[in-house]
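Mind docking chain D on chain X? Use the hints.
Same order as they appear, the protein sequences are chains X and D.
Letter by letter, the first sequence follows residues 42 to 269 in the numbering used here.
Letter by letter, the second sequence follows residues 42 to 269 in the numbering used here.
It is worth saying that the hints were derived from the structure and are not from the lab.
Model, not experiment: these values are computed from the prediction.
All the pointers check out, no bait thrown in.
With a cut-off of at most 27 Å between alpha-carbon atoms, the simulated DSS-like pairs for lysine-lysine come out as follows:
| hint | chain 1 | residue 1 | chain 2 | residue 2 |
| --- | --- | --- | --- | --- |
| 1 | D | Lys58 | X | Lys174 |
| 2 | D | Lys189 | D | Lys258 |
| 3 | X | Lys174 | D | Lys174 |
| 4 | D | Lys265 | D | Lys197 |
| 5 | D | Lys258 | D | Lys194 |
| 6 | X | Lys197 | X | Lys258 |
| 7 | D | Lys117 | X | Lys117 |
| 8 | D | Lys194 | X | Lys117 |
| 9 | D | Lys117 | X | Lys194 |
| 10 | D | Lys265 | D | Lys189 |
| 11 | X | Lys52 | X | Lys117 |
| 12 | D | Lys250 | X | Lys250 |
| 13 | D | Lys250 | D | Lys117 |
| 14 | X | Lys194 | X | Lys258 |
| 15 | X | Lys58 | D | Lys174 |
| 16 | X | Lys189 | X | Lys265 |
Protein chains: 2
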Amino acid sequence: MTRDQDWVRSKLGYSFKDENLLASALTHRSAGSRHNERLEFLGDALINFVIALELYRRVPRADEGDLSRLRASLVKGGSLAELARSVSLGDQLKLGSGELKSGGYRRESILADALEAMFGAILLDGGTEAASKAILVLFDERLHNLPKPEHLKDSKTRLQEWLQARNIALPVYAVDEVQGAAHNQRFSVSCQVASLDQVTTGGGTSRRKAEQASAEKMLEILTKESLI
Amino acid sequence: MTRDQDWVRSKLGYSFKDENLLASALTHRSAGSRHNERLEFLGDALINFVIALELYRRVPRADEGDLSRLRASLVKGGSLAELARSVSLGDQLKLGSGELKSGGYRRESILADALEAMFGAILLDGGTEAASKAILVLFDERLHNLPKPEHLKDSKTRLQEWLQARNIALPVYAVDEVQGAAHNQRFSVSCQVASLDQVTTGGGTSRRKAEQASAEKMLEILTKESLI
Chain X
42 MTRDQDWVRS KLGYSFKDEN LLASALTHRS AGSRHNERLE FLGDALINFV IALELYRRVP
102 RADEGDLSRL RASLVKGGSL AELARSVSLG DQLKLGSGEL KSGGYRRESI LADALEAMFG
162 AILLDGGTEA ASKAILVLFD ERLHNLPKPE HLKDSKTRLQ EWLQARNIAL PVYAVDEVQG
222 AAHNQRFSVS CQVASLDQVT TGGGTSRRKA EQASAEKMLE ILTKESLI
Chain D
42 MTRDQDWVRS KLGYSFKDEN LLASALTHRS AGSRHNERLE FLGDALINFV IALELYRRVP
102 RADEGDLSRL RASLVKGGSL AELARSVSLG DQLKLGSGEL KSGGYRRESI LADALEAMFG
162 AILLDGGTEA ASKAILVLFD ERLHNLPKPE HLKDSKTRLQ EWLQARNIAL PVYAVDEVQG
222 AAHNQRFSVS CQVASLDQVT TGGGTSRRKA EQASAEKMLE ILTKESLI
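Chain X extracted, bound-state conformation (with noise of 0.2 Å):
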């Protein structure tokens, strides 16, 4: 058994039939022209698929949005990299020497497409549900400390509800200040609860982010001191 072959099998459960189809998973585009990214297509729309059906499963009072935040919060890139951390995907990699001396084999988005590469691989050699039962257990942790909805929503969505539901009427936002050239600019937003008398203000490189910024600093203030 070949070193890939031992790291698959103890850290992902699964034993490889065909050797080439995990060597391809752990090969990056820099390494070689069997490389990972067809595999890393695959492995994308199977994870999607098996964590949205165990999500649907799970939580039965989500609605559609709450599982699509749930979901996008597992999936994200962020998330699949760790968990290729978590069993130690990077020592695994084939990189190109580029890739190496960059200290590519640590950026995010290769160790991701690599897991996702992996379970694309899995699939192929092993079925659907061989594929889908790797996934699983590694998501198993994930998948018992599950986030409340609403945390993944955003600012300006979670304000809103917040102020809705006890029937006040809902913030103004108001472009105080844009600095900075055309390409760099700097906003600073107000976010006004008038029935409340609050106003709080927040900055970012866009209208958007800076709004969102406003009503997170507003949500603090509004639940800390439970005005209401």
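Chain D only, in chain X's frame:
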């Protein structure tokens, strides 16, 4: 056998064990609390996965970008709505009176969503394999008549690749004119390929769209006239 059962068996080749699942899949949120939104989330993920796997097998030379574009063309809302119409899904849909009055049953997104929900329901009722089979039967003609991946690329990308393949310097885009108020602007952009002495102009509601239009015109000229 109910009318819905009849329909799904004759049009999608599947017989439901659980009629409640079928009923939910056919119920828009305007028509009741047991509606199809959660099933739509599930079906969307399944269709994306099944089509990804099928494209992976059918188009072995396509790279990841081509596979993504091919899939997007197959599963975009308009394509799903067309497939929904081809099986007269609209006739089976349960819609609230508001949606009915507004002619909502014809609306693309309602049809596309309901088709996704239908496959989500088949998945829960009969498992991944049965649902995959039903999806592949419905998509069969489209899978046999896939567009050429290069035709799915945007005009600027195609123009760039056409020029690079001929070692010609890349085009220069310039905004010639912007008309209208801030939220209702009209852009006019020129695309210049200096070494071929060609200039085209394109218009659109954003700079990006205007650039694409100008690139499309340039492509038409270059590929038609065979200037090289």
